[in-house]
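S.K.: Let chain G serve as the given structure and place chain S on it in line with the hints.
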Amino acid sequence: MTVKEMTGVSRRGFIASSLALGAAGLALRGHPALAQVSTEGGRLRARLYADISNLDPAFWTSGSDALVMECIFAFAMQFETGTSEFNALPLALKALNVIDDTHIGFELNEGILYSGEYGEMTAEDAKFSWERIADPAVQSPYAADWAQLDHVEVTGRYSGTIVLKSPFAPLFTTTLPATSGIILPKAAIEAAGGQFSTEPPVTSGPYRIREWQPRTRVVLEKNPDFKLFDVVFDELVLIPIEDPKTAELGFEAGDLDHAQTSISSIPRFAAAAPNGGRFDEFTALNYYWLGMNEANADLTDQKVRRAIQHGIARDAVVEAAYLGAASPAAGIIAPGLAGHRAENTYNYDPDLARSLLAEAGVPDLNVTLSIQQTAEDLAAAQIIQALLADIGVTVQIDQYESGSFWSLGIEADGDQWKSLQLFLFSFTMQPDPSWATAWFTSEQVGVWNWQRFSNEEFDRLNQEASTELDTEKRGAMYIRMQELMEESGDFVFLTFEPIGTLTAAGVMPAMRPDGWPILSRFTKA
Amino acid sequence: MLSYLARRILLSVAVVLTVIAALFAMMHAIPGDAVRTALGPRASEAMVEAYRVKMGLDQPVLVQIWRFFSTILQGDLGSDAISGVPVARIILAQLPDTLYLVAGAMVVAVVPGIWLGVMSATHRGSLFDRVTSVLSVSVMAVPSFVIAIYLLLIFAIHLSWFPAIGAGEGFADRLHRLVLPSVALGLAWIGYIARILRASMLEVMGENHIRTARAFGLSERRIMFDYVLRIALLPTITVLGMGIGQMLSGAVFAEIVFGRPGIGKLVYDSIAARNYPIVVGTLLVTTGFFVLVNLIADLLIAFLDPRVRNVVSR
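Chain order of the listed sequences is G and S. All letters in the first sequence, in the order written, are residues 1 to 525 by the working numbering. All letters in the second sequence, in the order written, are residues 1 to 314 by the working numbering.
Extracted from the complex, chain G is given alone in its bound form:
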């Protein structure tokens, strides 16, 4: 029996049918959710650094989450845009009143409406939301934002008092103006089972989610009930593009209206922005440094670590890594924040480096420098390798993909931390100096403090600075902490990373001083 007899299908018939079915399949592709959107009223297409993964204020995980949360929730406070200094202004809050160091009165704007049937934002919602993040039972990674919260007293439908266990300076700089200050109704969170991820049960911000195609796009539409400021664009289309080079090409081809560029492209775009658009350059809060593991046998002698410090010309490293788009940093707290340090306590001095190594009795030192697989890290590492060769230190560069790199110094992940020697690191932070220093306490040794730097004075100052409300005194404390870090020999502070952004002609961006876009406040030029 032939196949045709068995199936009734000839070879030619089979091939013809297959082609027809394939074409029909392609033609029928198209989910209703992907229907063409209206461009009436304005549509802003922007790059999202990655897809959203969790929009719950207690459990969000990435900058992309925070970017979208800033669009769909009315933040308690929001940073002013277009300024060089961080200045948080009330948004959902109408006013804040410092009664004393541990009692902060607040009043909400009336008429902030939630989506669905959840009515108006009230002080009861603020109490629930803020106490929820602080509650140890919730296990929020952001509990530290409300670490000093004792409780919230509700004094009226729209007013209340934040009662702290002790003064807490970051409350006004990073807790209330960021995601931990978001106010949500208790009923909505309970209806969602106590927490949510990518499908918020309620929104209150300038936009609401109209469509989320995982890893494809997030489409936000203007919330007609939002009255706290004028929203210009009817629709935000946020496209997850991890690779900044791809985003640049997308912008140049006219597929994007706003995108952060790669660091290597900053000089090119600074010279001429494509398509008549605008290019803006910012200094991010991200700090970049070379760390040394003082627990490693080759680096236990402080003289060796200080020799390495003196053997590295930081300006040459930064120039190579950031192609002239960044300047050397003297610390880990960015300009514009309390505690920013303008100068180092040492200079590039290869002769001194050589004599320190001779004193330590290690004229021929071999070390490894662990880096991530990025162009910036590799360029910086190669310059460090050349500079240290000049003082008699041989550097082997070990490159890791990000997942492997981020476990190198973590004790819980194995014993590899013991062989870790030099490493290039970059941390991101919120606009409060406490975020910069939190990772270098003795408590963080083996977690994120890969230098294993441990200093009692540092730990004490870190604790005291978070409760100090006098900005000047607080700044002095953070400067001293950075001096201690430097004196240990464990750190070579390199730079604050530059950020470049492209914005299409006809669009006026609204940017924080660190280059963070507040998309809901973008306007037409």
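It should be emphasised that the hints constitute simulated quantities derived from the structure, not laboratory data. Treat the numbers as computed from the prediction; the structure is a model and nothing was measured. Glycine included, each C-beta is placed from N, C-alpha and C at the ideal position. One or more of the hints may lead you astray.
[What the hints assert, rightly or not] Derived list of chain G stretches under chain S, where covered just means 3 residues or more per stretch with a C-beta under 8 Å from a C-beta of chain S: (1) 53 to 63; (2) 250 to 258; (3) 298 to 310; (4) 397 to 406.
[Claimed, not checked] Below 30 Å or equal to it, Euclidean Cα-Cα: the simulated DSSO-like pairs (lysine-lysine) are: (5) G/K127 / G/K165; (6) G/K94 / G/K473; (7) G/K127 / S/K54; (8) G/K222 / G/K524; (9) S/K54 / G/K245; (10) G/K186 / G/K127.
[Stated by the list, open to error] Ranges of calculated distance between the beta carbons of each label pair, as one might list FRET restraints: (11) G/N109 / S/S44: 32 to 40 Å; (12) G/S402 / S/I154: 27 to 35 Å; (13) G/N275 / S/Q74: 47 to 55 Å; (14) S/A88 / G/L469: 48 to 56 Å; (15) S/G56 / G/D351: 37 to 45 Å; (16) S/G56 / G/G414: 17 to 25 Å.
M.R.: Positioned in the frame of chain G, the structure of chain S alone reads:
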């Protein structure tokens, strides 16, 4: 034929299970902590530990593999370690974009590839044959990501004929945005298919039954399409079966360069984030798809070639 089909299906299932078990073990052998990635640097040790238990990552790898296969048999691929969204939902949302990319690349590869192969074989030694030969080797030698970048610079930015990024909305826009990534992914295969088909056709053209057909006075056109091409296409079908698998794995670069969604980029990002449930779920689907395509290719060969069918039947 039915026993052949049954044996091939059983073998395919065994391949899928082996590959997934091996990949599952390898994923756990590489350094990096899925829990810390999911919770971020501010999570306390207690939170990290609680989450590890919740995800079952505190169990030995063999137990995790057993649990994984048990849940798969119940039709459940688990949930994303970070967002909690069901893995099946995430994969199903990404799979069509990759399949259409691979299909587009196949069209780009097969249509000109077959034409060039036939023309080269029928005009053996001509200028056309030589030029085709040089060009085939040239496009095979250029890495696809280089082709992708030049396609973007020329056709998206300078000429503005095609969009640069994204998957698009609606049928026409989607098709428009599919062109450049499909060309980037499929271009190298044009030369590959042309070379294989040319060699295969020349071999068949020298066989006795073709000479007999000519002796019977059949037209060259009929000889080519009914006798030569029918047999010469068989190695090409086998190669295409393998090629679909390679295109699936190669789709990741096209998805990154062209900012497209798809399972290639999904698995790449998930490995970086140590998001095990998505990695394993995606690999299960892609391995299953690859095995299925090759099964279909084998059956197709058996269907098109009576000799294979007869051997199988015996």
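S.K.: With reference to the structure, classify each hint as holding or not holding.
M.R.: Okay, the hints, checked on the actual structure:
no., hint, in the structure
1, 53 to 63, "holds (count 3)"
2, 250 to 258, "holds (count 6)"
3, 298 to 310, "violated (count 0)"
4, 397 to 406, "holds (count 5)"
5, G/K127 / G/K165, "holds (16 Å)"
6, G/K94 / G/K473, "holds (29 Å)"
7, G/K127 / S/K54, "holds (29 Å)"
8, G/K222 / G/K524, "holds (15 Å)"
9, S/K54 / G/K245, "violated (38 Å)"
10, G/K186 / G/K127, "holds (9 Å)"
11, G/N109 / S/S44: 32 to 40 Å, "holds (35 Å)"
12, G/S402 / S/I154: 27 to 35 Å, "holds (32 Å)"
13, G/N275 / S/Q74: 47 to 55 Å, "holds (52 Å)"
14, S/A88 / G/L469: 48 to 56 Å, "holds (52 Å)"
15, S/G56 / G/D351: 37 to 45 Å, "violated (58 Å)"
16, S/G56 / G/G414: 17 to 25 Å, "holds (20 Å)"
Of the numbered hints given earlier, the model fails hints 3, 9, 15; all others are met.
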